[in-house]
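If you read the sequences in order, they're chains A and P.
Residue 126 in the UniProt record's numbering sits at position 126 of the first sequence; the count goes up by one each step and never skips.
Residue 182 in the UniProt record's numbering sits at position 182 of the second sequence; the count goes up by one each step and never skips.
Since the hints were made in silico from the structure, they are not lab data.
Among the hints, erroneous ones may be present.
Facing chain A, a subset of chain P residues (Cβ under 7 Å, in silico) [stated by the list, open to error]:
1. R41
2. T42
3. R43
4. L50
5. A57
6. N65
7. P68
8. L139
9. F161
10. I180
11. L264
12. V268
Even for Gly, the Cβ is constructed at its ideal location relative to N, Cα and C.
Chain by chain, the residues run as shown.
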Amino acid sequence: MSTVTDRPAADKSVRAPSRWAAPPRPSWEEQPSRAGLAGKGIALGFACLAIVFPLWIVLVTSLSSRKTIDEAGGLVMIPKEIDFIAYRELLSGGQVTRAAIISVLITVVGTAFSMTVSVLCAYGLSRSGSLAHRWILMTLLATMFFSAGLIPTYLLVQSLGLTDTYLALILPSAISVFNILVLRGFFMGISQELIDSARIDGAGDFRILWQIVMPLSRAVLAVITLFYAVGYWSAWFNASLYLNDQDMMPLQNVMIQLVQKQEAPVGMGQAIKTGQLSALAVQMAVMVMALLPVAVLSPFVQKHFKKGMLTGAVKG
Amino acid sequence: MSHSTVPRSRPEAEKTDKTPAASGGTTGSAGRRSSGKLSLRTRFRRDRVLLLMTLPAVALVLLFNYLPILGNVVAFQDYDPYISDNGVVSILNSPWVGLENFQRLFEDSAFWEAVQNTLVLFFLQLVLYFPIPIGLALLINSVVRPRVRAVSQAILYLPHFFSWVLVIAVFQQLFGGAGILSQLLRQNGYDGIDIMTDPETFKFLITAQSVWKDAGWGIIVFLAALASVNPDLYEAAAMDGANRWRRMWHVTLPALRPVIALLLVLRVGDALTVGFEQILLQRDAVGPGASEVLDTFVWWNGVRNQDFGYAAAAGLIKGVISLGLVLVANKVAHLMGEQGVYKK
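All chains, full assembly: derive it from the sequences and hints.
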């Protein structure tokens, strides 16, 4: 929408205002002082730099050769070359490759499951006046105020026989009531007339959800999908609790071993010892692998965050 | 009558007043009054598909959120995990010990240390963390250039989506013994320092990590509240001679008050939860003396030491106090005239 309004097609002599430029201020507002602008710039620049700078170091070091890392005395701030050796080694099979594949699979399957259950439930609760919907809503809402506790949950998962299966990483944390409420709030905003007319045309609830409600809710669906996917991608605690087999561990758990405990990935110790490969570059490369999907995807969904976060979250 | 033709709300009521039907929250809204006239059986026939749709989520919640509540009985047992692989069988066959676990807890100095660490961390985060998103939101809100705003928001939101494992790994590269800070110090002839393993500063480190990860994300709620302020108010204030700061004090901050109150209530209700994963990941590095909080105390005694009854007792105490805190905090919010988390 902005690309259309920003570019006046008829009059080429009028320069379109850059999106970097400040729009005109209302007449009653005083012009900002130079000192004020500079102060704001410094504060915002500092906040952004505090986030970007560490990520930059991690990225640059992961792409540096053994020689550059040794010369820098450790972490590299200024890139000298781009060397993919750490990534090549990590992705050529072995522990990290397997862990990355496991993480991707859990994230995909888990997110699909969570979204299906959540969207169905949110729609089921979104038609006001339907039978028992207040009761069901209360049952869900109450879980936001208490937690059964770690030990009872652990004993339950164990009793269900989920230990050492990937179901233990998906089922216990499959739905977030908060996410369901956000979806429900969005679905409730869809015009009742539209849904009634579809019903008169003979559509059932599943069809209304699939063909009318969901296409109208793409923004919120994108946000909630991202929330669930990030949850699965970032999870490590349940794996450490319920999985005993080291070969089943997802990427985050392998990262704990590599970065926190400073261990070399299984099968790569040799390459590191002989000096072809820097242990530091390998650690940084694993970190980049963990952050890359998130860093690439979340900005696309960013413009919907505010809408997604607030509709429904407050209504209850 | 087929279920699909019974209206869930009267169309004419819908047209005259959309909000009650849309929010579904007010008692006696048009939709519900009309369905109240129908028999339960008709309503069930009409809504059975909707009920079916909620079934998987309800089943998951009952199974994984409600059912484990019963498992807290192990707090009153000398639970023996080796009786059977099945927790239920073990519970049925473990001896009851009454309040013995709780008695042991109250005499355990490690437990009180965990309580103390939890409370200190809560207050530290309240003072050092809580105001930052408000300040950042005011800052972002005052930026009028659209592109600058979008880019800085994208950067500030990003760490929220990182896992704790990653955040701690990043901090290690900055402040660890082999981190960039130590590296620079050493290159300039000083000794390197390792903040990541220093018990003295650990609580500040935890707070700094929380700020780095989530303070940017925290601004969303405030930005939304700021966006909903009527711009006429600013103009009127300016006409009355209020400068930038006076407008912020008299227009912007009052607009944020309900949100601030709500978030404070939520935070206080959650006071005993101060970052379980984050602390657990660093527990070994700094030792339990400085890092043990209630949640990690439960984990250590239950999962590591297999002393399930004892750990569950600590967890139960935490759970009950937390529930009380939420309810009290909410009550206080109502008394202050704010909306609170839920309405009665």
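Hints violated by the structure (numbers, ascending)
Violated hints (numbers, rising): 1, 2, 11 and 12; every other hint is consistent with the structure.
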